[in-house]
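Please model the complete structure; the sequences and the hints are all you need to start from.
Protein sequence lines correspond, in order, to chains A and B. Reminder that position 164 of the first sequence reads as 170 in my numbering, one-by-one numbering, no gaps. Reminder that position 195 of the second sequence reads as 201 in my numbering, one-by-one numbering, no gaps.
Treat the hints as calculated values from the structure; they're not laboratory data. Mixed in with the good hints there might be a few duds.
Said to hold, decoys possible - Simulated coverage check for chain A against chain B, where a stretch passes if three residues somewhere in it have a Cβ under 8 Å from a Cβ of chain B:
#, segment
1, 168-179
2, 204-210
3, 254-266
4, 305-317
5, 365-378
6, 387-398
7, 437-444
As the list claims (entries may be wrong) - Listed next, with one range per pair, are the computed distances between beta-carbon atoms:
#, chain 1, residue 1, chain 2, residue 2, range
8, A, Lys119, B, Ser194, 41 to 49 Å
9, B, Asp159, A, Glu312, 35 to 43 Å
10, B, Met264, A, Asn142, 31 to 39 Å
11, B, Trp328, A, Glu327, 35 to 43 Å
12, A, Pro410, B, Arg116, 54 to 62 Å
13, A, Thr462, B, Thr60, 32 to 40 Å
14, B, Met264, A, Arg465, 45 to 53 Å
15, B, Trp328, A, Asn142, 36 to 44 Å
16, A, Ala429, B, Ser147, 27 to 35 Å
17, A, Thr462, B, Glu380, 40 to 48 Å
18, A, Glu196, B, Gln22, 32 to 40 Å
19, B, Pro26, A, Glu196, 36 to 44 Å
20, A, Asn142, B, Glu327, 40 to 48 Å
Beta carbons are placed, not taken as given, at the ideal position from N, Cα and C, and that holds for glycine.
Protein chains: 2
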Amino acid sequence: MNAPTPHQHLAPVIAQREVPAALIAALQHRFGANCSTAQVIREQHGRDESAFTTVPPPAAVVFAESTQDVSDAIRLAAQYQVPVIPFGVGSSLEGHLLAVQGGISVDVSRMNKVLSINAEDLTVTVQPGVTRKQLNEEIKSTGLFFPIDPGADASIGGMSATRASGTNAVRYGTMRENVLALEVVTASGEVIRTGTRAKKSAAGYDLTRLMVGSEGTLGLMTEITLRIYPLPEAVSAAICSFPSIEAAVRTTIATIQMGVPIARVELLDANTIRMVNAYAKLGLNEAPMLLMEFHGSPAGVKEQAETLQELAAEFGGQSFEWATTPEERTRLWTARHNAYFAAIQSKPGCRAISTDTCVPISKLADCLLESIDEADATGLPYFLVGHVGDGNFHFGYLIDPNNPVECATAEELNHKLVTRALALGGTCTGEHGIGLHKMDFLRAETGEGAVDMMRTIKRALDPHNIMNPGKIFSL
Amino acid sequence: MNAPTPHQHLAPVIAQREVPAALIAALQHRFGANCSTAQVIREQHGRDESAFTTVPPPAAVVFAESTQDVSDAIRLAAQYQVPVIPFGVGSSLEGHLLAVQGGISVDVSRMNKVLSINAEDLTVTVQPGVTRKQLNEEIKSTGLFFPIDPGADASIGGMSATRASGTNAVRYGTMRENVLALEVVTASGEVIRTGTRAKKSAAGYDLTRLMVGSEGTLGLMTEITLRIYPLPEAVSAAICSFPSIEAAVRTTIATIQMGVPIARVELLDANTIRMVNAYAKLGLNEAPMLLMEFHGSPAGVKEQAETLQELAAEFGGQSFEWATTPEERTRLWTARHNAYFAAIQSKPGCRAISTDTCVPISKLADCLLESIDEADATGLPYFLVGHVGDGNFHFGYLIDPNNPVECATAEELNHKLVTRALALGGTCTGEHGIGLHKMDFLRAETGEGAVDMMRTIKRALDPHNIMNPGKIFSL
Chain A
7 MNAPTPHQHL APVIAQREVP AALIAALQHR FGANCSTAQV IREQHGRDES AFTTVPPPAA
67 VVFAESTQDV SDAIRLAAQY QVPVIPFGVG SSLEGHLLAV QGGISVDVSR MNKVLSINAE
127 DLTVTVQPGV TRKQLNEEIK STGLFFPIDP GADASIGGMS ATRASGTNAV RYGTMRENVL
187 ALEVVTASGE VIRTGTRAKK SAAGYDLTRL MVGSEGTLGL MTEITLRIYP LPEAVSAAIC
247 SFPSIEAAVR TTIATIQMGV PIARVELLDA NTIRMVNAYA KLGLNEAPML LMEFHGSPAG
307 VKEQAETLQE LAAEFGGQSF EWATTPEERT RLWTARHNAY FAAIQSKPGC RAISTDTCVP
367 ISKLADCLLE SIDEADATGL PYFLVGHVGD GNFHFGYLID PNNPVECATA EELNHKLVTR
427 ALALGGTCTG EHGIGLHKMD FLRAETGEGA VDMMRTIKRA LDPHNIMNPG KIFSL
Chain B
7 MNAPTPHQHL APVIAQREVP AALIAALQHR FGANCSTAQV IREQHGRDES AFTTVPPPAA
67 VVFAESTQDV SDAIRLAAQY QVPVIPFGVG SSLEGHLLAV QGGISVDVSR MNKVLSINAE
127 DLTVTVQPGV TRKQLNEEIK STGLFFPIDP GADASIGGMS ATRASGTNAV RYGTMRENVL
187 ALEVVTASGE VIRTGTRAKK SAAGYDLTRL MVGSEGTLGL MTEITLRIYP LPEAVSAAIC
247 SFPSIEAAVR TTIATIQMGV PIARVELLDA NTIRMVNAYA KLGLNEAPML LMEFHGSPAG
307 VKEQAETLQE LAAEFGGQSF EWATTPEERT RLWTARHNAY FAAIQSKPGC RAISTDTCVP
367 ISKLADCLLE SIDEADATGL PYFLVGHVGD GNFHFGYLID PNNPVECATA EELNHKLVTR
427 ALALGGTCTG EHGIGLHKMD FLRAETGEGA VDMMRTIKRA LDPHNIMNPG KIFSL
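Right, here's the structure in full:
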C-alpha cells in the first residue's frame with residue numbers, strides 16, 4: 007500500500023466540457039418547463055453539503071418525473087457527449103453533485119413514489135427520489151421499517167449510489183446488504199433491470215452491487231427494491247458515560263466480539279456533548295458517552311441490556327440512563343442527531359470537513375485515540391461521533407472556509423487519519439463515498455490495479471464518460 | 007420477461023480452441039511436475055458433479071501452489087489466448103469445470119492454507135483451495151465458525167466464485183454477504199486486491215461483489231477474506247412432521263415474516279425421508295418434515311423454539327423432536343446431509359438433475375406445490391429438499407443419463423419450474439450459479455440488457471475471453 011499524498015480538496019480539478027446550445031434546445035423542447043436554465047436553480051444543483059469551493063453550476067436542470075424522462079434526458083446528453091449528474095436531495099458530503107466537467111443535472115426528487123410494498127416478503131420498491139423518512143412514514147402502518155439512516159434525510163437513490171449506512175448498520179447492514187434489485191438507465195439511455203425480489207441469487211454478475219456505490223458514474227437508478235424489517239417487538243435505548251473515550255471504545259469492541267446483536271451503538275465525545283447541550287439544552291453529562299439501542303423480544307432486549315451493563319461496568323461506565331418509551335428514546339437520540347448542527351452553530355460561518363474512516367473493530371481504539379491527540383494538538387475545533395460498532399467514526403473539523411490555514415490543518419488531519427486507518431487494514435470511507443475528495447485515498451487503499459479495473463469497467467459501460475464524470479477516479 | 011426456451015443441457019455447445027504445443031511446453035518448463043498432461047488427470051479436471059455428457063478434457067492441468075504460480079499460468083495462457091478454467095474440488099453442479107472451449111485447468115487445491123485468523127475482528131483470510139470443513143476445523147479453537155455450508159465440502163474459492171450458500175444462509179447470509187476482500191489474478195495475470203478487512207466501505211466500485219459469483223470468468227481468486235462468527239452460546243435443533251408440505255411451508259413463511267432469527271430451517275418431503283431411512287436406517291416419520299436450528303443465548307433459543315412450536319401447532323405440526331447435545335443434533339441433521347446420496351443410491355446408475363429456484367418467501371407455497379404436482383404426474387423419481395427460510399429449494403430429478411426420455415422429462419420439469427419461479431419474482435438459481443445449464447434462464451430472468459452489460463464487462467476485463475469462457479452467457 008502506498009501512502010496517499012496530501013491534496014487540495016477545496017480546489018477540485020475542473021475541466022469543463024462544452025454544453026452545446028442545441029442540446030439545451032432539445033431538452034427544452036422535450037421537457038418544457040421541467041428543464042430549467044434559471045441561474046438560481048442551476049446553482050442549487052451545482053453544490054452539496056461538501057466543503058468544496060464553488061464550481062460553475064450545470065448548464066441546465068432536468069426535473070425527471072419518470073424512467074422515460076431519465077432515459078430521454080440521458081439519450082440526448084449522450085448524443086452530444088455531455089455529462090449527466092444525478093441529483094436527489096443534495097446531501098452528498100463528498101462533492102458528488104458538482105459539475106466539475108460541466109454538463110446537466112438530472113433531478114429525480116419528483117420521482118418520489120413508493121411503487122409497491124410487499125409486506126409479506128419484507129421488500130419494498132421505490133423511485134429514487136423517495137427519502138428515507140418518507141419511506142418509513144409510508145410503510146409505518148405495515149409494522150415494518152427501513153433501518154438505514156444516514157445523518158441527512160437523504161434520497162434512497164443517493165443512498166444507494168453512495169452505499170450509505172448510518173446508526174443501524176451494525177445490526178442491519180448497509181445499502182450493500184439492503185438493495186435487492188434495481189432498474190437502471192445506462193449511459194446510452196437504455197433501461198435495464200438487475201436482481202429480483204428473491205432473498206438470494208447466484209444468477210450471473212452481481213450488477214446490483216456494482217451499481218450500489220458507483221456514485222452515479224455507471225447509470226442512474228430509477229427503481230430500487232429494498233429489504234425492510236419487522237419493527238422489533240421490544241426496543242430499549244440507553245446512554246452511558248465513561249471516564250475516557252478509550253473505555254467507551256473498549257466496551258464497544260467487547261460487545262461486538264461477544265456477538266451481542268446490538269442495533270445501534272454510537273459514540274459522542276465530551277466536547278460534542280457540550281455543543282449539543284448548548285444547542286438543545288439537554289443537560290447531558292459532559293463526558294464520553296455511548297448511545298445504545300437494543301431490538302428484539304422483551305426477554306432478548308433485557309438480556310442484551312444486562313450484558314452491556316456488565317461490560318460497561320468493567321470499563322468504568324457509569325450512570326446508565328434507560329429509555330423504553332418512544333418519547334424518552336427520542337430525547338436521548340436527539341443528542342446524536344443534533345451533533346452536526348450543534349457543531350456548525352458553535353462556530354458561526356464555519357463548515358465541517360467530515361472524515362469517514364472505518365477500521366476493523368480491534369483497531370478502533372488505536373485509530374481513534376491517536377487521531378484525537380493529533381486533532382487536539384492543532385487547536386482546531388471539531389466534533390466527534392462514531393458508528394463505533396462498525397469501526398466507523400467521523401471527525402467534523404470546523405473550518406472557516408475562507409481561512410486557508412484552517413483548511414490546510416483540517417486536510418492534514420484527515421490525511422494523517424486516513425493513512426493510519428489504511429495501515430490498520432481499514433478504509434478511507436465507511437459510508438460517504440469517494441466523490442471528489444478521496445480519489446488519492448482510494449488509490450492508496452486499493453492499489454492502482456483495482457482502480458484501473460474500475461476505470462476499465464467505467465470506460466466499457468460509459469464510453470463517452472458522460473455519467474457523473476470526474477468522481478471516484480480521474481477520467 | 008420472456009419465457010425461457012427449453013434446451014438440451016446435456017449437450018453443451020462445444021467450440022474447442024486450439025491449445026498450441028508451445029504453450030504446453032512453456033507450462034511444463036515453468037511448472038515441471040506441477041503441470042500434467044496425463045489423461046487420467048486431465049479427465050478428472052474436465053468434469054464435475056453436473057449431469058453433463060462428456061466434453062473433451064483440458065489439454066493440461068497446472069497445480070498452482072502460490073499466487074505467483076497462478077499469475078504465471080494465466081500470463082502464459084493469455085500470451086497464447088488459451089482458456090483457463092479454475093478448479094477447486096470439482097463439486098460444481100452446473101458444468102463450471104468443463105473445458106467447452108478447450109484450454110487448461112488451473113487446480114488451486116494445493117493452495118489450501120488458512121493465512122490469518124483475526125479472531126478479535128471476526129475475519130479470516132484463506133487461500134482458495136481451503137475447504138469449508140477444513141476452515142472450520144482450523145478455527146475451532148478460537149470459538150468462531152464459518153457458517154456457509156453448501157452440500158459438498160466445497161473449496162472457499164469455488165464457493166466464492168458461485169456465490170454459494172447453504173442451510174445457514176437464512177440467518178448468516180451467503181458468500182455475497184460474507185466475503186469481505188479478495189486478492190484476484192486478472193485475465194492478464196496481474197494481481198489486484200479488492201476490499202479491506204473493515205466491516206463496511208463506500209470506497210469505489212464493489213469489485214469484491216463483482217468477483218463473487220462471476221464463476222471464474224473475470225479472474226481467479228487467490229486470497230479470500232471472510233467474515234466468521236462467534237459460536238452461539240446455545241444451539242438447539244428440532245424436527246417436526248407436518249400433515250402436508252403446504253403446512254410445513256406455511257409454518258416457515260410465518261416464521262420469517264415474524265422476524266424470528268432462526269439459524270436453519272430445511273424442508274424434506276416424505277419421499278426423501280423414505281430414501282434417507284432406507285439409506286441410513288434413521289427411522290424417521292415418513293411425512294413432510296422441517297429441520298430447524300436455533301442459535302443464540304439460552305433464553306433466546308428457548309424463546310425462538312417456543313415461538314416455532316406455537317406456529318407449527320397452528321399448521322398441524324406434530325411430534326416435535328428436540329436435540330440440544332451435539333450428538334443428537336448430528337443425528338437429526340444426518341437426514342438432511344444424506345439426502346443427495348440416499349437418493350442417488352435409491353436408483354442405481356442414476357444421476358440427479360438439481361433445480362435451484364429461489365422465490366420471495368410469500369410465493370414459496372405456490373411455487374413448490376404446483377411443481378410437486380407436475381413432477382408427480384411424470385412418475386420420474388426425485389428427492390426434494392429446501393432451504394425454505396430463504397425461499398430456495400432443490401428438486402433432484404433422478405435420471406438414467408442414457409435414457410433420453412428421462413433426460414427430456416427432467417429438463418421439461420426444470421423448465422416449467424424456472425418459468426414459474428421467474429413469474430413469481432424469483433431467480434433461476436439461489437446458490438449453484440448459471441454455468442452451462444442456465445444461460446437461457448438467465449436471459450429470461452434479467453433481460454437481454456443486463457446480460458449485455460455482463461458481456462460488456464467481461465469483454466473489457468478479459469478481451470481475449472480466456473477466463474472460463476462459455477459460462478454464464480455465450481461469448
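Violated hints - listed by number, lowest first:
10
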